[in-house]
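Trainee: Read off the chains here:
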Amino acid sequence: MLQLKKLSKIYKTGDKALSAVDLTVPQGQVMALIGPSGAGKSTLIRCINRLVEPTSGSITLGDVEITSLKGNSLRQQRRRMGMIFQEYALVERLTVMENVLSGRLGYVSFVRSFLRKFPQKDIDEAFRLLDRVELLDMTDKRADELSGGQRQRVGIARALIQDPALLLVDEPTASLDPKTSRQIMRLICEMCEERKLAAIVNIHDVVLAKSFVQRIVGLEQGRIVFDGKPDDLTEKELTKIYGEEDWEDTIKKDESLA
Amino acid sequence: MVVLKKNDLKVWQRRDRKAQFKIWASWLFGAAIFMWSWQQISEVTTWFFVWDAPRIAADIGSRAMPPRWEYLSTLWRPLWDTLNIATLGTVLALLMAVPIAFMAARNTTPSTLFVRPFALLVIVSTRSINSLIWALLLVAIIGPGVFAGLIAIGIRSIGFCAKLLYEAIEEIDYTQVEAITATGASRWQVMTYGIVPQIMPAFAGIAIFRWDINLRESTVLGLVGAGGIGLQLQGSLNTLAWSQVSLILVVILAAVVVSEAVSAKARGAII
Amino acid sequence: MSSNLELKLGQAWSKPPFIKSPVLRWTLVICVLLYLVAAFSSIEVNWSRVYDGLEHGWRFVLAFASPDLSSRATDIREGLIESAVITMASTAVGIALSVPIGLGAANNISILPVYLLCRGIITFSRALNEIVLAILLVAIFGFGPLAGFLTLSFATIGFLSKLLAEEIENIDKIQAEAVRSTGATWLQRFDYGIFPQVLPRLIGLSMYRLDINFRESAVLGLVGAGGIGATLNTAFDRYEFDTAAAILLVIIGTVMVLEYLSGIVRFKMR
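Residue numbers (my numbering), protein chains in the order written: chain A, 1 to 258; chain B, 1001 to 1271; chain C, 2001 to 2270.
Do not take every clue at face value.
[Stated by the list, open to error] Across the chosen pairs, the derived CB separations fall in these ranges:
1) A:F114 <-> B:D1173: 44 to 52 Å
2) C:L2187 <-> A:E244: 17 to 25 Å
3) A:D144 <-> C:D2191: 33 to 41 Å
4) C:V2029 <-> A:T55: 52 to 60 Å
5) A:G243 <-> B:A1269: 51 to 59 Å
[Unchecked claim] 30 Å max Cα-Cα, derived BS3-like pairs, lysine-lysine:
6) A:K6 <-> A:K240
7) A:K141 <-> C:K2015
8) A:K121 <-> C:K2008
9) B:K1265 <-> A:K141
10) C:K2020 <-> B:K1265
11) C:K2173 <-> A:K117
12) C:K2015 <-> B:K1265
13) A:K121 <-> C:K2020
14) C:K2015 <-> A:K117
15) A:K117 <-> A:K179
16) B:K1265 <-> C:K2008
17) A:K70 <-> A:K12
18) A:K12 <-> C:K2268
19) C:K2020 <-> A:K141
20) A:K117 <-> C:K2020
21) A:K229 <-> A:K179
22) A:K70 <-> A:K6
23) C:K2268 <-> A:K196
24) B:K1022 <-> C:K2268
25) C:K2008 <-> A:K141
26) A:K5 <-> A:K16
27) B:K1018 <-> C:K2008
28) A:K121 <-> C:K2015
Think of the hints as simulated: they come from the structure by calculation, not from any bench.
The C-beta atom is built at its ideal place from N, Cα and C for all residues, glycine as well.
Excised from the complex, chain A in its bound form (with noise of 0.2 Å):
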């Protein structure tokens, strides 16, 4: 459903981020991006909602070409990819519920957006995904009173009410605490397979990524270095993503899981 072409991004300042990334992620499958810091897995995500723009190469979202969108149409698109942030990037000064509802600003007009007069369908697909998010006693809370783990879950919300084809998920657990980190990381899987959502998740923590997801992708200075299943992923494959290190613990501590 997603596909990325000889996608590459030079920084303005020289830094190959990407060089030439192919890959397809079907309807419904969550798929992991692990790597090392800088290896540009930020950017790659970010590339495909167009928050950082690609240098060269493809994307096809079913079937729209994405990289030559601009203003409307480029907006349109970004609807159908709900995002969610590594520190949560709620706007900090607005209460959950507006926060949940700026999921919708893709869908209704600035006059509506600035006066606060969502479509009532909105309110309500916003109250539900609060109450399946457990938060909905907070609706009217600001969102810097929130937890980390409850911020996250407002994030998942934002995310899912703009009701996207494909989640687009950076480092969700890195300010998390171990716990609430396997919390977040199961309501995000959940909600892919409730609606079929296909999701790239950023993830660091690869023992967290092999417990939860289908497929992991293991990128390294901008480039494939790993495409397969979890189990596939053995001592020597890390090591090409990550360098030496003894990786004993980490695939061991997984099969314990298992």
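Using the hints provided, position chains B and C relative to the given structure of chain A.
Mentor: For chains B and C alone, kept in the frame of chain A given last:
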């Protein structure tokens, strides 16, 4: 941090010789400039007057005390005018400062090449010039009165407010803006959802801060004919009515204290 | 689906108001409206005078295109030098006096009587308008830059020591405690624990104050306390807009240069 060797002993020094020399040289340079400046001032000062100053001060003091309290009744109207100059001037300034600030901030300006330099020019030129000079200018152009004072305060405050506001805009957390952009929001929606909520506290703070300053400044605008209590001050000074001057100063002081209390309260309520 | 959700579905939602109590909210709105009406109706504008004045205004705008520096070159030069001299001398003296007063006014290192005294000085200095102070000092010391110098030195104290005191009160306590735990004396604690933390800010603020003092020195001349203001006043009085424009441009230019320099200094101090 430097370690030198001296007779086989390691001697630690905070800076090496060159850095230390630079520091001494800049102190010397500063002292020389200060001495020269002082000499310039003292050259044109009539020291006879200065030595006579305690006597004159005592003389003025004795004339000024006690303040002429019955004069107070004529001061209410000018005080009301002063309040209006400060408040409406601040409102006027904020109305103009907001678009200028968005034009000047690197992350929101429509064009770095044309619009931003224009906005920065407006900011620099309005805030480099004191409100008293603006008032002088406006009195010459549109005639004396409250209106000239109001416009003067308004113009003077544009640059101040716009500068602080655009710095606040440039300091916003960009991931929040990114998140709103990623939902497919339009440019204006990104502005109202991603940027405005983040700068609202700064905006409120700036408005209150500037109002407080403007109240102080509008008390003296009357000196050049731009309305407010300064007119009475000017009149009393011209007639050497020191007991009225002292009363006006007391009233100004009280107004400043009240405005400080009000703005502290307002700031507390908002933040 | 929880029962709580059933209740909320179909319900309208609106942003919770900023002021929760409706009575207070509407009272405030009405008060503001009443004030605005009263304020606007009390301003008397002589529109025909304003209309006539627009021609003056236009001439003044045009004057910026052809500023006249030459016909009063000596006045402008001397006025500028005097302004610069007042600025530098008063900033230097102001800083020198602000540091001890700022220390005394920081409640985490000062003792109560000193604290009250220093806070008193700061409040007094801030409450007194610079122009008013200049008028009084001119009356006492006579016309000339000495009055301007004293005014700005005093004003600098109020500004700088207040901000310095706040900076000291906000310092990272752990660093200061770390130095204290080594058994350092009061002065050593200041030198190692506090001073390094506030120095960059002090220098930044001093540069900023230099800039303010220059701008202020440009108006002190209006009340006879020396500097370029007197020349400017004369120019306006004689409707010599091209000379006035030239002086204003010079002031703006100097302020820009000072701002640029202080930007560099602050950047290097970081």
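Trainee: Evaluate each hint against the coordinates.
Mentor: To see whether the hints hold, each was checked on the structure:
1. At about 21 Å, the beta-carbon gap between F114 (chain A) and D1173 (chain B) misses the expected band of 44 to 52 Å.
2. A C-beta distance of roughly 53 Å is found between L2187 (chain C) and E244 (chain A), which places it outside the suggested range of 17 to 25 Å.
3. At about 39 Å, the beta-carbon gap between D144 (chain A) and D2191 (chain C) stays in the expected band of 33 to 41 Å.
4. The beta-carbon spacing between V2029 (chain C) and T55 (chain A), approximately 54 Å, falls within the hinted interval of 52 to 60 Å.
5. One distance hint, 51 to 59 Å for the beta-carbon pair G243 (chain A) and A1269 (chain B), holds here, with the actual separation near 55 Å.
6. Distance restraint check for K6 (chain A) and K240 (chain A): the Cα-Cα separation of roughly 21 Å lies within the 30 Å cut-off, and the hinted pair is therefore satisfied.
7. A distance of roughly 11 Å separates the Cα atoms of K141 (chain A) and K2015 (chain C); the hinted pair therefore holds under the 30 Å criterion.
8. Between K121 (chain A) and K2008 (chain C) the CA atoms are separated by roughly 12 Å; this keeps the pair inside 30 Å, and the hint holds.
9. A hinted pair counts as satisfied when its Cα atoms are at most 30 Å apart, and K1265 (chain B) with K141 (chain A) qualifies at roughly 25 Å.
10. About 18 Å separates the Cα atoms of K2020 (chain C) and K1265 (chain B), which keeps this hinted pair within 30 Å; it holds.
11. A distance of roughly 48 Å separates the Cα atoms of K2173 (chain C) and K117 (chain A); the hinted pair therefore is violated under the 30 Å criterion.
12. Our distance criterion of 30 Å between C-alpha atoms is met by K2015 (chain C) and K1265 (chain B), whose separation comes to about 25 Å.
13. Distance hint between K121 (chain A) and K2020 (chain C) is fulfilled; the C-alpha atoms sit about 27 Å from each other, no more than 30 Å.
14. For the hint linking K2015 (chain C) to K117 (chain A), the alpha-carbon distance of about 9 Å falls within 30 Å, and the restraint holds.
15. Between K117 (chain A) and K179 (chain A) the CA atoms are separated by roughly 37 Å; this puts the pair beyond 30 Å, and the hint is violated.
16. With a CA separation close to 38 Å, the supplied pair K1265 (chain B) and K2008 (chain C) exceeds the 30 Å bound.
17. A hinted pair counts as satisfied when its Cα atoms are at most 30 Å apart, and K70 (chain A) with K12 (chain A) qualifies at roughly 21 Å.
18. At most 30 Å may separate the alpha-carbon atoms for a hinted pair to count; K12 (chain A) and K2268 (chain C) meet this at roughly 26 Å.
19. For a cut-off of 30 Å, the pair hint linking K2020 (chain C) to K141 (chain A) stands: about 13 Å separates their Cα positions.
20. Distance restraint check for K117 (chain A) and K2020 (chain C): the Cα-Cα separation of roughly 20 Å lies within the 30 Å cut-off, and the hinted pair is therefore satisfied.
21. Note on K229 (chain A) and K179 (chain A): the hinted pairing holds, with a Cα-Cα distance of about 24 Å set against a maximum of 30 Å.
22. For the hint pairing K70 (chain A) with K6 (chain A), the CA-to-CA distance comes to about 21 Å; that is within 30 Å, so the pair holds.
23. The straight-line distance between the Cα atoms of K2268 (chain C) and K196 (chain A) is roughly 54 Å, outside the 30 Å bound, and the hint therefore fails.
24. Between the alpha carbons of K1022 (chain B) and K2268 (chain C) the distance comes to roughly 15 Å, so the proposed pair stays at or under 30 Å and holds.
25. This hinted pair checks out: K2008 (chain C) and K141 (chain A) have alpha carbons roughly 16 Å apart, not beyond 30 Å.
26. This hinted pair checks out: K5 (chain A) and K16 (chain A) have alpha carbons roughly 17 Å apart, not beyond 30 Å.
27. Only pairs whose Cα atoms come within 30 Å are accepted, and K1018 (chain B) paired with K2008 (chain C) is rejected, the gap being roughly 73 Å.
28. Between K121 (chain A) and K2015 (chain C), the direct Cα distance comes to roughly 17 Å. Compliance with the 30 Å bound is thereby established for this hinted pair.
In terms of the numbered hints stated before, the structure departs from hints 1, 2, 11, 15, 16, 23 and 27, listed from lowest to highest.
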